[in-house]
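**Q** Residue strings, one per chain:
Number of protein chains: 2
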Amino acid sequence: MPRDLAFTLAGLRAAYARGLQPEAVIVEAFRRLDALGDPGIFLHEARAQALAEARALGAPDGRPLWGIPFAVKDNIDVAGMPTTAACPDFAYDATADAFVVARLRALGAICLGKTNLDQFATGLVGVRTPYPVPRNAIDPALVPGGSSSGSAVAVAQGLVGFSLGTDTAGSGRVPAALNDIVGLKPSLGALSSAGMVPACRTLDTISLFAQSVAEAWELFTLTAGVDPADAWSRPLPPPRLASLPEAVTVAVPDAASLRTFGDTAQAAHFHATVERLRAQGARVRAIDLSPFYAVAELLYSGPWVAERVAAVGSRLITAPETLHEVTRAILAPGLALSAVDAFNGLYRLQELRRVCAQALEGADVLCVPTIPCFVTREEIAADPFGPNSRLGTYTNFVNLLDLCGIAVPTGPRADGRPGSLTLLARKGEDGRAAALALRVERGGAAVPLPADAPVHAPTSDEIALAVCG
Amino acid sequence: MPRDLAFTLAGLRAAYARGLQPEAVIVEAFRRLDALGDPGIFLHEARAQALAEARALGAPDGRPLWGIPFAVKDNIDVAGMPTTAACPDFAYDATADAFVVARLRALGAICLGKTNLDQFATGLVGVRTPYPVPRNAIDPALVPGGSSSGSAVAVAQGLVGFSLGTDTAGSGRVPAALNDIVGLKPSLGALSSAGMVPACRTLDTISLFAQSVAEAWELFTLTAGVDPADAWSRPLPPPRLASLPEAVTVAVPDAASLRTFGDTAQAAHFHATVERLRAQGARVRAIDLSPFYAVAELLYSGPWVAERVAAVGSRLITAPETLHEVTRAILAPGLALSAVDAFNGLYRLQELRRVCAQALEGADVLCVPTIPCFVTREEIAADPFGPNSRLGTYTNFVNLLDLCGIAVPTGPRADGRPGSLTLLARKGEDGRAAALALRVERGGAAVPLPADAPVHAPTSDEIALAVCG
Numbered sequence: 024m025p026r027d028l029a030f031t032l033a034g035l036r037a038a039y040a041r042g043l044q045p046e047a048v049i050v051e052a053f054r055r056l057d058a059l060g061d062p063g064i065f066l067h068e069a070r071a072q073a074l075a076e077a078r079a080l081g082a083p084d085g086r087p088l089w090g091i092p093f094a095v096k097d098n099i100d101v102a103g104m105p106t107t108a109a110c111p112d113f114a115y116d117a118t119a120d121a122f123v124v125a126r127l128r129a130l131g132a133i134c135l136g137k138t139n140l141d142q143f144a145t146g147l148v149g150v151r152t153p154y155p156v157p158r159n160a161i162d163p164a165l166v167p168g169g170s171s172s173g174s175a176v177a178v179a180q181g182l183v184g185f186s187l188g189t190d191t192a193g194s195g196r197v198p199a200a201l202n203d204i205v206g207l208k209p210s211l212g213a214l215s216s217a218g219m220v221p222a223c224r225t226l227d228t229i230s231l232f233a234q235s236v237a238e239a240w241e242l243f244t245l246t247a248g249v250d251p252a253d254a255w256s257r258p259l260p261p262p263r264l265a266s267l268p269e270a271v272t273v274a275v276p277d278a279a280s281l282r283t284f285g286d287t288a289q290a291a292h293f294h295a296t297v298e299r300l301r302a303q304g305a306r307v308r309a310i311d312l313s314p315f316y317a318v319a320e321l322l323y324s325g326p327w328v329a330e331r332v333a334a335v336g337s338r339l340i341t342a343p344e345t346l347h348e349v350t351r352a353i354l355a356p357g358l359a360l361s362a363v364d365a366f367n368g369l370y371r372l373q374e375l376r377r378v379c380a381q382a383l384e385g386a387d388v389l390c391v392p393t394i395p396c397f398v399t400r401e402e403i404a405a406d407p408f409g410p411n412s413r414l415g416t417y418t419n420f421v422n423l424l425d426l427c428g429i430a431v432p433t434g435p436r437a438d439g440r441p442g443s444l445t446l447l448a449r450k451g452e453d454g455r456a457a458a459l460a461l462r463v464e465r466g467g468a469a470v471p472l473p474a475d476a477p478v479h480a481p482t483s484d485e486i487a488l489a490v491c492g
Numbered sequence: 024m025p026r027d028l029a030f031t032l033a034g035l036r037a038a039y040a041r042g043l044q045p046e047a048v049i050v051e052a053f054r055r056l057d058a059l060g061d062p063g064i065f066l067h068e069a070r071a072q073a074l075a076e077a078r079a080l081g082a083p084d085g086r087p088l089w090g091i092p093f094a095v096k097d098n099i100d101v102a103g104m105p106t107t108a109a110c111p112d113f114a115y116d117a118t119a120d121a122f123v124v125a126r127l128r129a130l131g132a133i134c135l136g137k138t139n140l141d142q143f144a145t146g147l148v149g150v151r152t153p154y155p156v157p158r159n160a161i162d163p164a165l166v167p168g169g170s171s172s173g174s175a176v177a178v179a180q181g182l183v184g185f186s187l188g189t190d191t192a193g194s195g196r197v198p199a200a201l202n203d204i205v206g207l208k209p210s211l212g213a214l215s216s217a218g219m220v221p222a223c224r225t226l227d228t229i230s231l232f233a234q235s236v237a238e239a240w241e242l243f244t245l246t247a248g249v250d251p252a253d254a255w256s257r258p259l260p261p262p263r264l265a266s267l268p269e270a271v272t273v274a275v276p277d278a279a280s281l282r283t284f285g286d287t288a289q290a291a292h293f294h295a296t297v298e299r300l301r302a303q304g305a306r307v308r309a310i311d312l313s314p315f316y317a318v319a320e321l322l323y324s325g326p327w328v329a330e331r332v333a334a335v336g337s338r339l340i341t342a343p344e345t346l347h348e349v350t351r352a353i354l355a356p357g358l359a360l361s362a363v364d365a366f367n368g369l370y371r372l373q374e375l376r377r378v379c380a381q382a383l384e385g386a387d388v389l390c391v392p393t394i395p396c397f398v399t400r401e402e403i404a405a406d407p408f409g410p411n412s413r414l415g416t417y418t419n420f421v422n423l424l425d426l427c428g429i430a431v432p433t434g435p436r437a438d439g440r441p442g443s444l445t446l447l448a449r450k451g452e453d454g455r456a457a458a459l460a461l462r463v464e465r466g467g468a469a470v471p472l473p474a475d476a477p478v479h480a481p482t483s484d485e486i487a488l489a490v491c492g
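So the protein lines, in turn, are chains A and B.
End of the first sequence = 492 in my numbering, gap-free, step of one.
End of the second sequence = 492 in my numbering, gap-free, step of one.
With the rest of the complex left out, here is chain A:
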């Protein structure tokens, strides 16, 4: 029976309700991993630890994630497991769980291990790793996407019920699109970053991968909250699925600023998805995305590269050979930037924030394709930089503008490849983006939340998940 079981929160809960034991789920998870034969997904497999935890789990006692297997990107600490950030020389043994991991385990979830990533979370392709590259779950000719490659593939392949990624410039959304799953990128500061290896400390957040919007959203409600020990944690409105206005106003890139790099199927699918929203009553407003692209430019051409250098520390100077050659090439220019450059970059961002905020005035959500096009392993082998940059078209600007967002599968494109839309909202409005995501999920054939799921009673300004699904 476990062999046919969907490793979703809903599927696992239903099976547990029928008497399945967590130990059997852990055994099955590793059987699936072995059967898949992909050595690139996990950098550390916690087989013995996970089994022991399953056996010691006890009764559910109301724990909403009781017995749910999950995976953790290897730049987030799990006690008793190494953290490598995909840099073997950087590895250390974590002695404590990251704040979010601790919370998930306290709720009954079981960590199966640590997943592969673009080294130091620098990349959107998933191939910038000294370890084997995880196979894309849709088509092995495609890059798996990154930097949270292993975590996205682990969910897409049904090995875990959910996984943790991180998202500084798109690492929690791009691989979601490339593997046809949901990637929730919280507002900065909503999830504690304690126990996470930084990439760009001012722009980092932990992110969530799941099979559906409803489950990603539930995981967000279970992990969000202020951590007084984390300097980047900040008080935000409690997570609530917003009740959208009757006629929600949706900003979309205008024709001149929609970028798909010749991928006409992507453009057509995006337009069709927007038209479906319009048919459902949304007001669609085309805006010029140029200032958003100008923000994105700052991330790698501006001073923020120096944040990545700061995160890597003296390694770039004292032991450059321990870095992936592509990572090294990206970071090196950061050494030459001055503090004056850094502040001038902050000023430029401040000015662009004003322009972008005005462009979004009156809009409830900004809708963009999650990725502008697909990238193959062959393309990234031929050019390690260009295709990676293209993948960040609709993600790089997001954290610099303090937006939150969710990448949601929108069903197959004309050519069968998966469509993905990202709904972006202002900081603290995660529930608004998620509420709209429920409307477009899998072309309207969204996975509803099962009746027995432990949803908290909706208050007057929440929408019950089952209604939205």
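Do not rely on the hints blindly, as some may be mistaken.
Copies of the same chain look alike in the list, so a pair counts if it fits in one copy or across any two.
[Said to hold, decoys possible] With a cut-off of at most 20 Å between alpha-carbon atoms, the simulated SDA-like pairs for lysine to any residue come out as follows: (1) K450 with Q44; (2) K450 with E384; (3) K450 with S266; (4) K450 with P268; (5) K450 with P260; (6) K450 with S256; (7) K450 with R257.
Just so you know, these hints were derived from the structure itself, not from any lab.
Starting from the structure of chain A, add chain B where the hints point.
**A** Structure of chain B alone, referenced to chain A:
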């Protein structure tokens, strides 16, 4: 009659109500300036322009600042006047008013000219200028305080009804204390910074000098507001004098962290002022100010010096001789800082913000002496750096922590020198700091707002100014 007239908003309004003409006030203002014989206050005197404006002013038409003469620090643009930032080589002719100046003039105020400052607003002493140093209004042996030296002295000497300063690290509070007037330092982003020469762009604000808390507060309500053209402008609660809790909780430096550099009169006066607050019902909580001092350290020892370099542009490299020698010495180290240093400084600040916020948890206001001690011209001549640094003890950390504040005269110390308390509150809580300032102003003998002043009708959670005075 004008010779005896107090140049306060209240005094001038009363005189105008009795039939005095604005032209006579402008003539009297310049007569006072000539009689004072201090060539250091104004860098540009707009005699003809001010007189012409007074003659062309027309009927009051409800303009609340009708005929009120004011002065503008010479790093803020006034159309038709030069802006120098106290660097002659930097001078340019302003073709438009700064946003705040334009608003004041639209309300009927008349600008008498541009006032002296520590060059590029870098300093708290007022002597770092190539022009004559303004004389301290209390005691010419003392420094005038800076960087808004001329603006503070102009108010203290009764030459204008109010003046504009700027305040990045204390420039709007230290000279208020040294000249026995009120200095209101708004929340960052409350007043548009459009038309202001930057010092540290992320930390700059225009500030207000007046003779009383009530008048400074009224000026704040008249100038605060979002400027869509200014990237640093931000939406904040509308200015309201907060109704303080019955037992307001006031944080004060504990005995170990109160710094007065041997000035026992200052310590005694501060304690007496705090005791008066306690007698009025305040709960006083002593806190360790060490983390606040650690924040202050960042301002000149950390990367923010590079912001000052960015503000000065290439001048430091291409024409260093055009800078004041002390300014040059302060800025030079900023050239050597890297972008990695800048971000590491931001991380350190973020961590300290967390610690300071926790120290202030539960407190409504933080009360500190505005200055820890006085500084004489002789002392600053002997050591251009040390005494300046000391003056910033209680001001340097404020904008880095996104606090707002108001420096208020608390009456004479035992030795006759003026006491000054600064009330600090969280961003957007300017009205809370001002409400408490009214309680301690001049030892409880505050200047009430006259009955005929155009105060906007107080709403239920405002306190009428006349009641508070």
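**Q** When the hints from earlier in the document are held up against this structure, which numbers fail?
**A** 1
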